[in-house]
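With chain S's structure known, arrange chains X and B on it following the hints.
Read off the chains here:
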Amino acid sequence: MPTVNDFLLILPEVVLLIWALLILLIDLWIPDTKKYYTAVLSAAGLVISAGCAFALLGRTGSAFSNMVVLDGFSSVLSILFLLSGLAAVALAYDYLKRNAAQRGEYYTLLLFSIAGMMLMASANDLIMVFLSLELLSIPLYILAGFFRPRLASEEAALKYFLLGAFSSAILLFGIAWIYGSTGHTDFPGIVASIDGGRANYLLLLIGAGLLLVGFGFKIGVFPFHMWVPDTYQGSPSSIGAFMTVATKAAGFAALLRVFLVLFPAEAPIMAGILWGLSAASMIFGNTVAIAQMNMKRLLAYSSIANAGYILMAFVPYGNPVIAQEAVSSALFYLLAYALTSFGAWAVMIALEPAESDGLLLQDFSGLGRKYPWLGAALLISMLSFIGVPLTMGFWGKFYLFKTAVDGSQIPLVLIGLLTSLVSAYYYLRIVMFAYFKPGEPQIQPGRWASVVAVICAAGIFVLSFIPTPVFQFAAQMIMGMK
Amino acid sequence: MFLSEIFSDPAFSLVPWVVFFPLAGIILNLIFSRRWEEKLTALTACLAAGGSFVISLLLMLALTHHPEGATITLLEWINTGSLQINWAFRVDTLSVTMMLVVSGVGTLIHIYAAGYMHYDVRINGDPSRYSRFFIFFNLFILAMMLLVSADNYLMLFVGWEGVGLCSYLLIGFWFEKGADGIANARAAKKAFLVNRIGDVGLLIALFLMFWNFGSLQFDTVFARAPEVAAATPAVLLAMTLFMLLGVAGKSAQLPLYVWLPDAMAGPTPVSALIHAATMVTAGVYLVARSHTLYSLVPAAQTTVVWLGALTALFAATIAVAQNDIKKVLAYSTISQLGFMVAAVGMGAFTAGLFHLTTHAFFKALLFLAAGSVILGMEDVRKLDETNLSDSFHHSHVDPQDMTLMGGLRRKMPVTFWVYLMGALALAGIAPLAGFFSKDEILAAASQNGLLVFLVLLAAAFLTAFYMGRQLWLVFFGKPRSENAENARENTALIVLPLILLAGLTVLGGLLNFPGSLALEGWLEHTLGKGINGEFNSMVAGISLIVSITGLVTAWFVYSRYSGEIKKLDPLEDMFGAVFIGARNKWYVDELYHAIIVRPLEGLSQQLAQPVDQGLIDGIAVGFGSLTKAIAQSWRSIENGFVRSYALALLLGIVLIFSYLVIR
Amino acid sequence: MVNDWVYIGLFILISLFLPAAAILIAGWLAPKKPNKIKNSTYECGIETVGDTWVQFRVQYYIYALVFLVFDVETVFLYPWAVAYRQLTLFAVLEAVVFLLLLAGGLIYAWKKGALQWN
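Residue numbers (this note's numbering), protein chains in the order written: chain S, 1 to 482; chain X, 1 to 663; chain B, 1 to 118.
Since the hints were made in silico from the structure, they are not lab data. Please read all numbers here as calculations on a predicted model, not as lab measurements. Just so you know, nobody snuck in bad clues.
Examples of chain S residues lying across from chain B (beta carbon under 8 Å, computed): (1) Leu21; (2) Leu24; (3) Leu25; (4) Leu28.
Straight line, CA to CA, 25 Å or less: simulated DMTMM-like cross-link-like pairs of lysine to aspartate or glutamate: (5) Lys437/S / Asp617/X; (6) Lys628/X / Asp357/S; (7) Lys402/S / Glu76/X; (8) Lys112/B / Glu105/S.
Derived CB-CB ranges, DEER-like: (9) Tyr7/B / Leu418/S: 56 to 62 Å; (10) Gln613/X / Phe473/S: 46 to 52 Å; (11) Ser408/S / Phe207/X: 25 to 31 Å.
Virtual Cβ for every residue (Gly too), placed ideally from N, Cα, C.
Isolated chain S (complex conformation) (with noise of 0.2 Å):
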């Protein structure tokens, strides 16, 4: 039976989903003209939520017979998937408006689909994984395709869609085989079984790597990264790039906690798939990404290389001492990843007119001349991608890349190394369209992409000089995980 206390764990969880369905029906008595407080109410949802998750910092616990828990990793994760929410809210209310499609329900989606992922940040439980993916993933498919009748944003649904439900049904065998050994589908259960010697070993592995798969797909490494270019395109590019940043965070989340909690005996055998996963994803995504003149896809290439230097860290993830560190920097890295994505994405919604299926980089032409602020976001954007040295992204990169090396990765820290090299030509490239080349962008309507973009320059330059402290602060907040 449900105590009061199980409810308080989940409370940001909650709140979210109450908030959710309270402006769905709220929205149908707000006029169109004034759909501004649609997106505030969500926006409000979003910070009181994340009011409650920061209440809830620090403390741990379990609720619902063990289907979640609430601990310090869940809570931070938490904590960024509601932000990455405010962005994705505070990128959409102008560009909707540009785009003809301010309809309520997308509010709502967003923070169902938000309400997913922070589920599946603090999952236990087999059952409470796929659940979490479905609630996260479904409203996803909707808004890929919330442009209909547009047929790109038709087909980028579609496609998510079909190959999202096809990897759902993969999860979902892989949660089979797992029960099928253990006789469990919740994490302590499952422990105790591999550990007092009653699962079957083999049944085991096919379900780990079938988990693997399900979980690749979310995150978009190479080779279950083939929906990402063609859905980010096809998005509104709101969604896309709150699906860069949350969806890829959602899935790892899910599976560090998975792998950590359920198969570290197994990690000498899954660390040759993850190094695969890993360097393929850095070497496929950092080389085709080259090849795009649509910043949109080449936002989504890059999405999937950084996937891969995420995993990367994660290889060596047996040893308990580097799995802790692997955690830490996998969050760090998370969060220069979110700021640096959203700037990005920032940048490029402010400049998207609408009716448009994402600039290409020569539409960032004179930028840096005629919109100083906007060009400084992009490029603090850039440089960060990039990994230059004291930004936020070299400051992640370098963490990652320390325990890929205590983890004794060295070839796979040499690749990262060098495709970090080649992603530096596709960056800079759009450095140099903005600066160096004459052109005349042109700002649409609206102030948010803006400001959003600035502040997430800003925040990568801040934190740019108070690197450690943030990392020990993620180091410490998953002190108790497990």
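Chains X and B in isolation, oriented as in the chain S frame:
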């Protein structure tokens, strides 16, 4: 901020605000200055600098009760492996003295610049740069405060580079102006490059330090210095000498002084604040801060002394022959910096810092007064009448050429009197500030060695001489051009800081007045008992006689100089080739150009075509096109069909399973 | 171990056999006397009009979905009502929340014009 730390005085925890105030000024001006009027922009910047000054005063008051000071850790910065560096501020008597000088003189010059730049941006035809100037100016205060308040060498280095950057930006403030439209940009570039040489030296010193001490934190380094000095004296010698290279770059000492005269291309407030009063003294501060290291290596100390002494004399000889009012002051600055460097090299830290402080007062005063003279020569009134920058045509007369001035004493009385005050202080006439501080250095030199003493005495004589020459050329005699004829006194905003600085120049000697020695007692808490240049009536008498002789000689020589412009400088009559050599700066620039710049350029020309374009570019371009080709071929994997995407997914699963099976 | 699989195999066979047997036996035993009325699509007497392969208005589906909402509501409420006397306050609250959610859905559909036929 770690609030749990408890300091002996709560005021100490205010120290980060010496940096935050200018930061706030920068941010406010960055965001709002486009909408603000000039006055508001200038007020913000002045308040930001003034805020730093108030904090510095509070820190000073706190230090009078708790002279042991404190270290305030703001944030952890780098913590990887054995490298641990914090954003930590150090409050002790040395750093607070520097803070007071920087923010105090800085605030006065900010106020002056509020008036000066109003005209300067209009004369140069771009009023929109007014706010940019104050942003750079606040950034400079920020960087300088970081430099002097750092608790470790890396943070100091950040400030060190920061002031270098500001110097570059402000020298090239009118980057499209100057001879051929490029001279100012060249001057900025020169300053940057020459400083870079020095900075590399400092960096090497820091690497050596980290390598041998395992830390860059002041206390840790100083505590371990004796054992390292005992074990490997050569390392410490190398470290101190490389650091000296940095000092030579930043404080414009031989052989890296060449950038400072060119740096006068910047607006006059810049010359006063950065290139006279504060930034160039950073080197002196660095040596004083690292006195523990230097005192362990006598050879390094001797090098420092001779470097300073020779620079003092060398620059003074050049100053004698310059006709540009700011160039004379620039070489004089180099010369005076030489005095300071020599002083700290001798271990007379108090004397060096005393001279640093008084020099900041009177040299800032001289530069600002020179700026006032320049504005007077620029015929600013016409500007006010038309108030249209476009219609203002730059006067073809060089407003900085002293041969075109003359007789300004009556036209600009206030400027004349404050200039006289500054010049006499610089010449070392009792009882102005410069007399006491220079005398202390000479007294210390007399204990150090006769040769050094004589060299510095000669420099002092020349100092008095060129200041006398300048006074005569600018303010006495008859006006030698139409602009000088029409010169008028400037507005109160410009004159007021001059009067305040003149007051400081007169009273500055009290800081370390013989008998009370307040500054010495104050600095002892940080620097320990150094060689103290006690007041030596013999030395004082000699130096006073020398100074007066210099002034009187100048008087005799230049009273012959009549109102004609074209006439040869009287000294040229007397000394001929020697004077021409001095006027052409002993051809050092040409020498550097011939032995360093030209061969390097030649070498790069040789390497450019075959090696760079052929080999290196070939490899780079080859790799680039290879990667691009791969990218093009791989992108076709992404063919847009869901079925092939699903197939890829499936293939991935198959791969994973085959790995599991064959492993 | 092997025995388990045998049981599963048997289970599959039996589960295949039973429905097949029912259909076959019915076809075998039943008397066959077809006439025109018996062969019509709806034996109750309503005549079909036109082709079966027509496109439906999409609104039928929305209607159907809204109807389904209440169908499901009923299905869930029956067992709840049967066990009402044994249930705690918590279960009552849960039912109320459930009803509120469904009501919200109805309001949403209503306001969006799903019940408007045009």
